[in-house]
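Enquirer: Please build the complete structure, drawing on both the sequences and the hints.
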Amino acid sequence: MQYGEKALRHERAEAAGIGEYLYRLSVKIGNNGFIGMDRVSPADLHKSDLLHNMYLGLFKHMMEWVEEFLKKHKRRKAFDDVCKDIPAQPGFSVPKQAYHEIAQGQGNEMRNLSRCISAVLASALRNLDSSQYHHFKCPLKCVSALVDFSRMAQCRSHRPDTLSYIESYLQTFHRTKDIFLEFRTSKATRTRPDRQDRELRELMADQCSKEVHYRTVTNRPGQADQKRVERSDLRADLISPENHFNFIKMHYLPRFASNVRRFGSISMYSTEIRELGHTDQIKAGYRKSNKNDTARQILWQYGRQHALGMRLQTIEALWKVKCVIMAEDSGMEMPAFSSHRTPRRVLKGRIKNTSTLTELCATLNIHYSDMMQEILCFTRQTVEDARRLPADPTKVGLLPVEGFAQLEIPVADIQETDRFQTGPAALEQRHSVTVAPETIGYASRLVGKRTMEIYEDGWWLGC
Amino acid sequence: MARLLAPFKIRNILSEAGAVDRLALVCILDPVNSGRFHITSRHIRVGRRVNGQDRQIVSIGAVIGQALVIPSGETQWIVNHRIDLRTFNEIY
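Chains as they are written, first to last, in our numbering: chain A, 1 to 463; chain B, 1 to 92.
Derived by calculation from the structure, the hints in this document are not laboratory data.
It is possible that part of the hints are untrue.
[Unchecked claim] The calculated label-pair distances, taken between Cβ atoms and stated as ranges, are:
#, chain 1, residue 1, chain 2, residue 2, range
1, A, Asn-353, B, Arg-48, 40 to 48 Å
2, B, Arg-48, A, Lys-348, 24 to 32 Å
3, B, Arg-48, A, Ser-258, 41 to 49 Å
4, B, Glu-74, A, Ala-43, 50 to 58 Å
No residue lacks a Cβ here, since even glycine has one placed at the ideal position from N, Cα and C.
Expert: Next up, the structure:
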């Protein structure tokens, strides 16, 4: 279809040949093995890919721009300090070293970075004065727009609204990305200004050596600074017209929304899933093999694992439809349960020597009277009489207590609300948690109200 | 929004039922700018409570999830709602 349109335009353009016409459009013509195949459109073979287009593609480029930007505005140290202070989160690996210290960013590192970069950058660019505020607004907007774009591209099902969000985030990114244009300098672009800069420096050094008799000791540093600024400005003037955002990864972005419309959700054909499969499908099998005829052993091992996994999924699916399964040999009935079973909150990691409130307070380094006051306050709020703790502080102090280090909370998976993430999703002690709005003050209730609005709307709350 | 300090169990042996309460001591953080999004970065910020009592005991049933907060100065944190698609959908 696309080739047809191009050929039609070529006829209208009356160029000497299609090759010449495409050359004018800066299209390179190469041999493609798929061209002769029936029902194959080579133009449709490439699909949008989160791993290579976003994380290893544009995010990697963007991190280079951000690094340069922070270096220019002397905020790189603040950025690295914030990175080190990021608390742990289930499913999120905290960066162990600063970005510029990473030798080669893999998909995992870049994915993690994309999850925290906007907040870390916002924190690094804090305490601005009025002159800086306008200048720092654009990079924040640009980075946030790209992160939001990648988040929306991860959705497993889309509506027209979500696709319009993808497009609007992309527009915001394109509108604000010019702030990073000065850092889009390739090696080839840098060569000519570097040579000119070197020549200019030598020329200035010659002039200085001739004028040395007329200069005083006090004005020498000032003159050197002035010349350095002149040279820097000249270099910037030479480089800036050569900078551009015309590179291949940038041209993939507008195709995300259209690919969703034509082929479905991006996560279905993203190479991320396949590359993650290398660990289970190949590497695990290789490690378990005796290293002789490994290909065969890898296939056997994965075949067995896959068959067992399928079997377990079948059993789970049968349970979900509330079937009562009769065990084949024993004739025993296996109990059925509802598909909407919600896992409970679980307290984990018992702290030793916390059998009374006094001991718990000593462990937590909290004053006993403060703790008692809070418990009495909680007791007054408890509605149910049978469960109410004693109002007498002496009696409360005698009650047995157990302190814990972790609280595991089931979190419903997005767009698959009957699935819950537990296990590693444990809340470690001293991490921040979100508390239900009715338990805390008015200001927090505003945040809670916003959350309620999202639930009532069913899907999305506009910004 | 609150900071989890200590989850604990307390058994009420003085009542007939002998019920066990699963509680948590939390340090309450107040939303900055009434919980509105920051104009530039589009993040919600929370800070230490300046006036009133900042510690509270709540039932662990009231804890609905974990938030990733990035420190922004000594007394403020940025709520990172872009950590995953679920949080992004719920907060933004």
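Enquirer: Would you mind marking each hint as holding or not holding in the structure?
Expert: We went through each hint and held it up to the structure:
At roughly 30 Å, the beta-carbon separation of A/Asn-353 and B/Arg-48 lies outside the given 40 to 48 Å, and the hint is violated. B/Arg-48 and A/Lys-348 have their C-beta atoms about 28 Å apart, which keeps the hinted 24 to 32 Å range intact. Judged by the Cβ atoms, the range 41 to 49 Å given for B/Arg-48 and A/Ser-258 holds: they are separated by roughly 47 Å. Restraint check, B/Glu-74 to A/Ala-43: a C-beta distance of roughly 55 Å satisfies the suggested window 50 to 58 Å.
In terms of the numbered hints stated before, the structure departs from hint 1 and from no other.
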